[in-house]
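Enquirer: Below are the chains, spelled out letter by letter.
There are 4 protein chains.
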Amino acid sequence: MTLLADLLSTVFERRYGAARGLPRDDRPIEDLTADLIGATGEVSGQAVARQILTRYEGWDDAAKLEFFRHLARDMVINPERVRDALDAYERGQSKATYRAFLNASESPRQELIRRMNQVPGATKRLVGMRTDLLRLGRDDDELQALDLDFRHLFASWFNRGFLVLRPISWESPAHILEKIIAYEAVHAIDSWNDLRRRLEPADRRCFAFFHPAMPDEPLIFVEVALTDGIPGSIQEVLAEERDQVDVERANTAVFYSISNCQSGLAQISFGNSLIKQVAADLALENPVLKNFVTLSPIPGLTRWMESVDINPEAQQPDALCEYAAYYLTQAKRSDGLPLDPVARFHLGNGAQVHKVHADADVSTNGLKQSAGVMVNYLYDLIKVSQNHERFAAEQRVATSSEIKSQAASAAKTLPEEGHA
Amino acid sequence: MTLLADLLSTVFERRYGAARGLPRDDRPIEDLTADLIGATGEVSGQAVARQILTRYEGWDDAAKLEFFRHLARDMVINPERVRDALDAYERGQSKATYRAFLNASESPRQELIRRMNQVPGATKRLVGMRTDLLRLGRDDDELQALDLDFRHLFASWFNRGFLVLRPISWESPAHILEKIIAYEAVHAIDSWNDLRRRLEPADRRCFAFFHPAMPDEPLIFVEVALTDGIPGSIQEVLAEERDQVDVERANTAVFYSISNCQSGLAQISFGNSLIKQVAADLALENPVLKNFVTLSPIPGLTRWMESVDINPEAQQPDALCEYAAYYLTQAKRSDGLPLDPVARFHLGNGAQVHKVHADADVSTNGLKQSAGVMVNYLYDLIKVSQNHERFAAEQRVATSSEIKSQAASAAKTLPEEGHA
Amino acid sequence: MTLLADLLSTVFERRYGAARGLPRDDRPIEDLTADLIGATGEVSGQAVARQILTRYEGWDDAAKLEFFRHLARDMVINPERVRDALDAYERGQSKATYRAFLNASESPRQELIRRMNQVPGATKRLVGMRTDLLRLGRDDDELQALDLDFRHLFASWFNRGFLVLRPISWESPAHILEKIIAYEAVHAIDSWNDLRRRLEPADRRCFAFFHPAMPDEPLIFVEVALTDGIPGSIQEVLAEERDQVDVERANTAVFYSISNCQSGLAQISFGNSLIKQVAADLALENPVLKNFVTLSPIPGLTRWMESVDINPEAQQPDALCEYAAYYLTQAKRSDGLPLDPVARFHLGNGAQVHKVHADADVSTNGLKQSAGVMVNYLYDLIKVSQNHERFAAEQRVATSSEIKSQAASAAKTLPEEGHA
Amino acid sequence: MTLLADLLSTVFERRYGAARGLPRDDRPIEDLTADLIGATGEVSGQAVARQILTRYEGWDDAAKLEFFRHLARDMVINPERVRDALDAYERGQSKATYRAFLNASESPRQELIRRMNQVPGATKRLVGMRTDLLRLGRDDDELQALDLDFRHLFASWFNRGFLVLRPISWESPAHILEKIIAYEAVHAIDSWNDLRRRLEPADRRCFAFFHPAMPDEPLIFVEVALTDGIPGSIQEVLAEERDQVDVERANTAVFYSISNCQSGLAQISFGNSLIKQVAADLALENPVLKNFVTLSPIPGLTRWMESVDINPEAQQPDALCEYAAYYLTQAKRSDGLPLDPVARFHLGNGAQVHKVHADADVSTNGLKQSAGVMVNYLYDLIKVSQNHERFAAEQRVATSSEIKSQAASAAKTLPEEGHA
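Residue numbers (UniProt numbering), protein chains in the order written: chain A, 1 to 420; chain B, 1 to 420; chain C, 1 to 420; chain D, 1 to 420.
Heads up, none of these hints are tricks.
Below, computed lysine-lysine pairings styled on DSS-like, alpha-carbon distance capped at 27 Å:
| id | chain 1 | residue 1 | chain 2 | residue 2 |
| --- | --- | --- | --- | --- |
| 1 | B | K95 | A | K64 |
| 2 | C | K412 | C | K332 |
| 3 | B | K124 | A | K95 |
| 4 | B | K124 | A | K124 |
| 5 | B | K332 | B | K404 |
| 6 | C | K332 | C | K368 |
| 7 | D | K368 | D | K332 |
| 8 | C | K179 | A | K179 |
| 9 | D | K332 | D | K355 |
| 10 | B | K383 | B | K290 |
| 11 | D | K404 | D | K355 |
| 12 | C | K95 | D | K124 |
| 13 | A | K332 | A | K383 |
| 14 | B | K355 | B | K412 |
| 15 | D | K124 | D | K179 |
| 16 | B | K355 | B | K368 |
| 17 | D | K95 | C | K64 |
| 18 | D | K383 | D | K355 |
| 19 | C | K64 | C | K179 |
| 20 | A | K95 | B | K64 |
| 21 | A | K383 | A | K290 |
| 22 | B | K332 | B | K368 |
| 23 | D | K64 | D | K124 |
| 24 | B | K95 | A | K124 |
| 25 | D | K179 | B | K179 |
| 26 | D | K95 | C | K124 |
| 27 | D | K412 | D | K355 |
| 28 | A | K355 | A | K383 |
| 29 | A | K368 | A | K355 |
| 30 | C | K95 | D | K64 |
| 31 | C | K124 | D | K124 |
| 32 | D | K404 | D | K383 |
Hints are computed from structural coordinates only; laboratory data are not their basis.
Note that this is a predicted model, so its numbers are computed, not measured.
Build out the structure end to end from the sequences listed, making use of the hints.
Expert: In structure tokens:
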């Protein structure tokens with residue numbers, strides 16, 4: 001494969017955004033991967049990397065699995081080599097022995113992934129590859145071990161310092177907006193008009209993290225309503241007909257939906273940074289803003305209620321709120337962390353369980369998962385670090401006094417085994 | 001340190017571009033590094049990372065050395081832990097054992113560097129830190145081992161796929177252009193007028209690689225002259241008074257200067273990619289371009305001539321060219337690679353030694369290092385991969401027939417021991 | 001009204017995009033217009049202009065009409081003053097007498113409109129004002145005279161040299177794209193998906209003219225299909241399921257829809273410039289493109305056929321094509337120009353009647369207006385100036401030989417009075 | 001001239017930024033101007049306009065003068081035609097008669113200038129044409145009458161609503177910055193380093209108006225220092241070694257230099273708008289800013305002192321300040337306006353004479369024109385409209401009480417005839 005062919009295909013890609021015109025290379029994939037991590041990979045690497053990526057994308061699941069097996073079995077560390085390098089390092093710590101250890105202890109597939117990333121646009125394609133890997137390797141220990149290498153590299157590449165926060169508005173490009181529609185995971189966006197209602201009004205905001213190497217792909221986004229006071233119902237927030245809030249007087253920013261976009265970036269965490277950054281930006285823009293709260297679902301409430309023999313449908317609003325307060329603050333996993341996954345996320349970020357609302361999400365899903373109850377987590381800027389530390393060290397859950405007393409009321413009515 | 005303080009300093013930084021206003025934190029640096037790689041680093045990490053970076057930048061060399069010693073001695077792998085993890089992995093390869101091995105075999109300072117990078121703008125500051133490390137650790141094996149970790153991370157972060165090629169022109173921002181003036185390493189730029197002469201004319205181009213996290217810092221740049229035929233003198237290329245070439249008729253792109261900008265990115269190689277990419281872009285823009293050549297210095301020529309008892313000053317132009325041809329193609333190091341460092345770079349990229357010119361660089365430095373001789377390396381797009389492979393595998397140097405015959409002439413006049 | 005108030009409302013507008021917060025000014029509108037064209041208008045003009053514009057936009061039609069009457073009656077030239085100035089000028093042509101004539105012969109409302117335009121964003125609002133004027137003044141000679149002043153200024157402001165051509169793509173901002181949907185006047189765009197089909201594929205293009213003072217408002221846009229050969233049916237071009245053309249092999253650019261967007265810019269002509277500019281850009285980008293044609297409706301065909309007692313529904317495809325060829329080239333208005341308005345536009349631009357197609361637009365509207373027949377006008381870059389001049393000077397219609405012979409066939413079957 | 005040639009030259013211009021490759025057209029210039037304002041001008045106009053502009057730019061002054069004579073004599077209104085149209089209009093005001101009057105009363109050269117402006121980039125070239133006209137027509141009444149038409153059109157095109165305010169910083173493009181160096185008219189910029197000192201520090205700002213059709217050409221710019229208190233010396237403001245002011249605490253914005261850039265836009269006024277707009281932007285960005293003042297030269301002070309037989313060099317600082325206070329507030333022209341041109345500008349904008357400083361500009365020019373005295377004009381946002389109105393209506397000069405008492409002191413020492 002010549003540089004000329006390589007250049008031409010680059011030119012072509014630039015012009016037409018496609019990987020067509022790639023010159024044929026009939027060697028087995030194992031030869032290509034060996035070539036790419038080999039000595040000449042630095043100069044002719046782009047052509048080989050492009051070949052591998054393009055061939056991969058043409059494969060069906062069976063062929064992809066075979067490729068992953070190749071990485072999982074053939075491109076691994078050699079324990080003997082590691083042990084020799086480790087012994088030498090222990091005998092004499094020096095640049096040379098440390099370098100030898102570094103080389104031996106890193107699996108060849110890590111270097112392979114880095115070299116595939118040389119091709120312009122490759123980062124997105126590698127994220128797609130990991131999407132496949134997570135799907136195909138769900139119950140496969142060997143492939144999950146392979147995934148650790150992907151995850152290790154992605155955590156380094158998608159480091160917070162490399163991410164860019166961009167506002168999403170009705171003036172954003174349509175090809176980005178259609179991804180917002182597609183990726184919204186909490187309160188589905190029905191149509192372009194529905195999207196417009198969440199973006200265009202002056203009292204609505206949306207922000208997303210992007211990575212410079214994937215400028216057309218949001219990584220995570222959050223939808224915000226600026227309100228006067230803390231709202232207690234998602235339908236009220238999303239109502240088609242509603243009065244706009246005068247943004248000069250809005251004292252509250254409600255984070256009512258936060259969605260991850262890239263399944264290939266699972267377990268690479270951005271949410272905590274996003275909320276902090278957006279709060280900082282909004283505070284900078286509008287000094288009147290005082291409260292930063294979420295309006296969050298309680299996905300495990302009814303399941304838990306049933307597990308302690310309480311019938312959600314038989315409860316009055318007050319009782320539902322008390323059970324919700326109890327569930328969020330007292331119902332724990334064996335590791336001492338809250339049972340509710342959304343609670344774990346926000347409490348882990350240093351937020352406080354602030355207030356619960358009945359009849360707050362009357363959608364089918366909202367009624368099913370939480371009997372319509374929702375919760376505000378409060379990001380109190382003065383207390384968030386301390387909250388976080390106590391939660392991390394002692395699993396202590398920060399709560400408002402109202403929540404505390406609601407949870408106490410619920411505790412009295414609960415059967416013994418329901419207590420955490 | 002509260003999130004509020006953290007937010008405010010972010011806001012402040014954004015507004016005024018400075019790190020003033022950072023709240024005091026009087027703990028010893030060892031506590032901060034421990035904190036940052038510890039459990040709470042994910043949430044309150046930015047504040048701690050900012051504290052470390054800012055404190056570091058206020059230090060003198062002695063304090064910096066002490067900090068590097070701390071990283072070099074306290075934040076290293078634990079061989080016993082590695083060995084245990086390796087043993088467990090060898091006994092049973094699984095996700096769990098591989099994860100344990102990955103954790104054990106990576107030095108804590110790698111994670112520390114990654115977490116320092118969470119702060120907006122940190123990448124540039126970490127590159128600056130490595131600049132210090134390379135300077136202070138020059139003859140220190142321990143610090144050079146530490147540097148291997150920096151280098152490993154930087155190679156991953158500054159992967160070709162993340163770099164952006166940008167043209168540099170007289171319309172570029174002044175704060176970028178002043179860096180071009182400062183970083184030009186081959187043919188010094190005397191003044192803003194001199195810079196303008198290299199950027200503004202239609203037959204001149206300049207391109208640089210940038211990293212998105214350091215958008216104001218070129219990483220490497222190349223200066224290009226579009227010419228009609230291959231020029232044989234750098235003074236002719238850079239002359240104040242010269243006729244512009246009609247770019248529609250220019251058949252040759254001359255890469256007459258290539259400069260690395262970031263000493264903190266030493267050994268992270270971009271040059272080969274830059275030349276290939278620029279050639280691709282120029283070819284796309286102007287289909288008339290046929291030749292891609294350099295006009296390169298021969299930094300070791302006179303030193304080598306003197307080493308074989310030839311007096312450079314006593315030679316006629318023809319003889320100088322013959323010795324240069326011989327030197328570039330036959331004078332080798334013990335590892336079989338060419339003695340001349342610039343030759344090693346371009347031949348390693350797959351170029352050919354194409355033509356030598358006497359009286360081609362009559363600057364003080366040009367006369368001193370190469371008796372005024374310069375050389376064109378030719379990037380023949382059809383042959384460059386093959387050239388590269390032969391050079392990598394067999395140290396075979398690609399040459400034009402003219403160079404070959406000049407080198408043969410020189411060989412006859414050389415004392416036996418001068419032969420490679 | 002203080003500068004402070006003015007500043008604050010500017011700040012406010014910038015932040016929230018609205019004209020709220022405008023301080024009250026209760027003077028009658030006639031005082032404001034007098035104030036604005038008076039001596040102090042230069043310094044405090046923005047505040048007064050903003051007051052007038054905002055007040056205007058709050059009015060109902062009756063109040064708007066009253067305002068237009070005020071402009072139409074009170075802010076006109078004073079014939080006596082003009083005559084005196086003219087006499088003086090004729091007696092002695094000098095800077096002074098010419099200046100006096102210029103001042104007298106321009107109606108005060110022209111200066112009023114210019115001064116209203118000082119407010120940021122005013123241009124769009126003035127275009128909106130003319131939209132109202134055209135609607136309310138349709139049958140009103142006085143208001144149509146007023147409109148001549150608007151039109152005169154707009155022709156100067158929207159001069160071709162000030163317009164910017166921008167590609168419209170699926171990556172364009174949604175708030176621009178929704179205007180493309182709204183303004184498409186030839187082949188309606190049903191939905192965002194329909195829009196995407198016209199923008200996203202590599203073989204589709206769209207371009208619009210914008211004015212820098214109204215960056216969110218397209219003025220006119222054209223939709224283009226890149227095809228292999230000249231298509232003969234709009235449904236084929238717009239089909240949901242179709243094979244994309246390899247743009248590298250596309251030899252034809254089909255301008256299949258061109259729509260004006262701003263009713264307030266009626267009679268300010270951009271279409272000719274747009275087609276020329278887009279053809280230039282496409283030719284620059286893709287040297288393979290050889291043919292620049294339209295696929296155009298024939299809005300007056302059936303009406304004309306009926307006027308010469310031919311029943312469109314009773315014709316075979318061949319006969320329909322022959323009548324269409326005749327109609328486009330031979331049916332004329334009393335001024336010698338073609339009866340068909342679309343034909344007048346393209347022939348006036350120097351295009352040629354190239355080919356007619358039966359069954360080319362089988363939409364309800366297409367069948368109704370032209371019995372499904374459409375026509376390609378050809379922009380032959382070599383002949384377009386000559387065509388234009390002959391058309392302008394002699395009303396000569398450029399045609400292909402095929403059209404000529406089809407028209408001749410039709411002529412034989414036509415009743416005498418049908419001949420032009 | 002074909003459209004093809006026209007297209008190609010457009011393409012060429014776009015690629016290489018030059019007007020080379022323009023096809024020859026040997027007709028006399030009078031034929032071209034007639035052609036351009038004639039019927040075909042709309043379609044083939046760009047080619048003809050480009051021909052005229054390019055030919056013009058190749059001429060020497062004699063040929064340019066001849067061209068201006070052609071416009072001045074042949075492309076003027078026809079008084080008889082105007083009178084006929086005026087008579088008809090007076091007999092019956094209608095759209096038709098008004099249209100006829102508009103056509104007759106506008107000189108053909110206005111339409112010619114508008115049509116020349118169709119060519120991309122023409123606006124800048126027409127501004128250059130007026131620069132020539134002003135220079136060549138200085139004492140020529142006929143050409144000054146011609147200039148009235150240029151000025152009329154430019155006032156419409158460069159309307160405040162079309163201008164864009166852009167900050168100029170050390171991150172601005174070099175080709176813009178070199179124009180700032182060239183155009184600075186008050187305190188010369190010596191070098192790129194001097195420029196950097198005025199742009200890079202956080203307590204310095206610079207803003208310019210641009211027109212979208214001339215994006216590389218600033219029209220007017222103002223340099224601002226943010227200070228703590230009102231400074232009394234320009235050398236202090238521009239000192240190489242000085243302490244930066246903490247911008248968070250800066251309470252004063254000093255407009256210390258304001259320069260027009262385009263001699264071809266003489267008498268088209270932007271300065272008042274620029275100062276208001278910049279004040280609004282700075283106030284928005286930094287709420288701490290309370291004072292908006294200039295630090296202005298007093299160009300006519302010594303000349304006036306000598307005219308009333310006071311020897312500037314013999315005065316103490318206190319006396320100089322008193323005379324300056326008197327001169328600025330009491331010395332008037334025959335029309336009642338201040339003698340000092342800078343005073344006229346700022347007082348006309350609604351500013352107040354606030355404070356005078358001796359030893360404030362000790363440059364050669366400063367000593368010569370004003371014996372080193374400078375003045376602060378204060379833009380008090382609460383009073384500026386009222387000040388402006390009183391100045392416009394009654395020539396009343398707004399002053400601080402300090403200035404008033406200084407002027408009174410000076411009055412006592414002045415010979416009778418020195419009083420205004």
